[in-house]
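Q: Numbers 52 to 353, taken from our numbering, label the letters of the sequence shown in order.
These are calculated hints, taken from the structure and not from any lab test.
Treat each hint with caution, since some may be false.
To be verified - With beta-carbon atoms standing in for the labels, derived distance ranges: (1) ALA130 with PRO269: 37 to 47 angstroms; (2) LEU306 with SER333: 20 to 30 angstroms; (3) GLY138 with LEU310: 45 to 55 angstroms; (4) GLY142 with GLU319: 47 to 57 angstroms; (5) ASP108 with PHE304: 35 to 45 angstroms; (6) ASP143 with ALA341: 38 to 48 angstroms; (7) LEU306 with ASP115: 41 to 51 angstroms; (8) LEU306 with GLN336: 36 to 46 angstroms; (9) THR98 with GLY138: 18 to 28 angstroms; (10) GLY267 with THR98: 38 to 48 angstroms; (11) ASP108 with ALA130: 14 to 24 angstroms.
To be verified - Pairs of lysine to aspartate or glutamate, EDC-like flavour, derived with a Cα cap of 20 angstroms: (12) LYS334 with GLU301; (13) LYS102 with ASP115; (14) LYS80 with ASP143; (15) LYS180 with GLU301; (16) LYS102 with GLU117; (17) LYS102 with ASP151; (18) LYS102 with GLU156; (19) LYS80 with ASP184; (20) LYS180 with GLU81; (21) LYS334 with ASP299; (22) LYS180 with GLU117; (23) LYS80 with GLU117; (24) LYS80 with ASP151; (25) LYS102 with ASP79.
Each residue gets a CB set at the ideal place from its N, CA and C atoms; glycine is no exception.
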Amino acid sequence: MFKTLLATLAVSTVVLSAPAPVTTDVTDKEILRIALTLEHTENAFYTSAMKAYSEQDFVDAGFDPEFRGRFAQIANHEAAHVAYLIGLLGGDAVEPCQYDFPHTEPRSFVAMSTILETIGTSAYIGAAKHISDRSYLTGAGAILAVEARHQAWVSGTVSGGQPWQGSFDVPLPGSGALALAAQFITPESCPLSNGPLPLPVALPSLDLLHQTPARGEPLTVNVVGLAKEPFTAVYFAWMDGMDVLYSDSEGNFPLAGGLLGFHTTVPENLHQGTVLVTIVSSKDQRPSGANMLSGFQVVTIV
């Protein structure tokens, strides 16, 4: 189910993820507005699911009956995060948009929960160095700790996978987190009063033909929206905790419409669990707007 859901997300739009780096002059208010946008998304996700699925639905899907109650607690946490951030922002708070979450029963809901909790945890980590107000930083840290507990519980206890990937989680720029979350936001549904957010320029999305690869496994990747052109170099950048591991492109092949596909091999020393991958033109800096040729994709290494 997790593999199927990831594949669905990968081809849903060409702007799944295109994170340009958050600049050092981003303000605390902008960071809080990004955080509130993400929390609105999580809040809508859990609230709608709790209305859609009963405890019996979870049991029928093969889950312990107590899991539904725990997810209801997570829904309450996300609502509290929204209220807290609105309190900090006051009149500058963004309002919720309309959302479309592609889950149809508890198992696909659980798989999507893993993705959203990964995005949320990584976004708070990535934002920490840009927050100048120490009281805001403390509040963000308190939310981060809870989001990380959500992620570990859903990935481990509920899904039966790895509750953590390693000693560190991935720091994700706020614009990258927004772009990953944007796939669940109905286009043009956000209130005009929200104003602009620092969304990145659209980059092509990755369509991995195998969404749960093993370490050392050959991998074929279609790049949706990348026109064929003579690249001097193409590398796959795998964000695993604080590290970025690279694998070479082992040749490309043409797709319909002049687009490109690539072959690579998953690095042997990645941690098992959830990582982020993108393609870049150089290995001399972390993935950023300067070297990224695609957006990020969420991948589960088995």
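Q: Each hint should be assessed against the structure and marked as holding or not.
A: Hints versus structure:
1. The hinted window of 37 to 47 angstroms between ALA130 and PRO269 holds, with their beta carbons roughly 44 angstroms apart.
2. The supplied range of 20 to 30 angstroms is met by LEU306 and SER333, whose beta-carbon atoms lie about 24 angstroms from each other.
3. As the Cβ distance of GLY138 to LEU310 is approximately 46 angstroms, the hint placing it in 45 to 55 angstroms holds.
4. Our hint of 47 to 57 angstroms for GLY142 and GLU319 holds, since their Cβ atoms are close to 52 angstroms apart.
5. Distance hint check for ASP108 and PHE304: the Cβ-Cβ separation is about 43 angstroms, which falls inside the suggested range of 35 to 45 angstroms.
6. Taking the beta carbon of each, ASP143 and ALA341 are about 30 angstroms apart, not inside 38 to 48 angstroms as hinted.
7. A beta carbon spacing of about 44 angstroms between LEU306 and ASP115 agrees with the range 41 to 51 angstroms that was offered as a hint.
8. Between LEU306 and GLN336 the beta carbons are some 28 angstroms apart, a value that contradicts the proposed interval 36 to 46 angstroms.
9. Take THR98 and GLY138: their Cβ atoms lie about 19 angstroms apart, and the range 18 to 28 angstroms holds.
10. Distance hint for GLY267 and THR98: a CB-CB separation of about 41 angstroms, consistent with the stated range 38 to 48 angstroms.
11. Taken as a hint, the range 14 to 24 angstroms holds for the pair ASP108 and ALA130, whose Cβ atoms sit roughly 21 angstroms apart.
12. Simply put, LYS334 and GLU301 have alpha-carbon atoms about 16 angstroms apart, close enough for the 20 angstroms limit, and the pair holds.
13. Straight-line distance between C-alpha atoms of LYS102 and ASP115 comes to about 18 angstroms, which keeps the hinted pair within the 20 angstroms bound.
14. With a C-alpha separation of about 8 angstroms, the suggested pairing of LYS80 with ASP143 holds against the 20 angstroms cut-off.
15. Straight-line distance between C-alpha atoms of LYS180 and GLU301 comes to about 36 angstroms, which puts the hinted pair past the 20 angstroms bound.
16. Annotation: proposed proximity of LYS102 to GLU117 holds, straight-line Cα distance about 16 angstroms (limit 20 angstroms).
17. Using a Cα cut-off of 20 angstroms, the hinted pair LYS102 and ASP151 holds, with the two alpha carbons roughly 15 angstroms apart.
18. With a CA separation close to 12 angstroms, the supplied pair LYS102 and GLU156 stays within the 20 angstroms bound.
19. A C-alpha spacing of about 10 angstroms is found between LYS80 and ASP184, which places the hinted pair at or below 20 angstroms, so the restraint holds.
20. A threshold of 20 angstroms between alpha carbons decides the hint, and for LYS180 with GLU81 the separation of about 14 angstroms falls inside it, so the pair holds.
21. Among the hinted pairs, LYS334 with ASP299 is consistent with the structure: their alpha-carbon atoms are about 10 angstroms apart, no more than 20 angstroms.
22. Distance hint between LYS180 and GLU117 is unfulfilled; the C-alpha atoms sit about 37 angstroms from each other, more than 20 angstroms.
23. Proximity of LYS80 to GLU117 is assessed by CA-CA distance (about 38 angstroms); at most 20 angstroms being required, the pair is judged violated.
24. For the proposed pair LYS80 and ASP151, the alpha carbon gap of about 27 angstroms is over 20 angstroms, so the pair is violated.
25. For the hint linking LYS102 to ASP79, the alpha-carbon distance of about 34 angstroms lies beyond 20 angstroms, and the restraint is violated.
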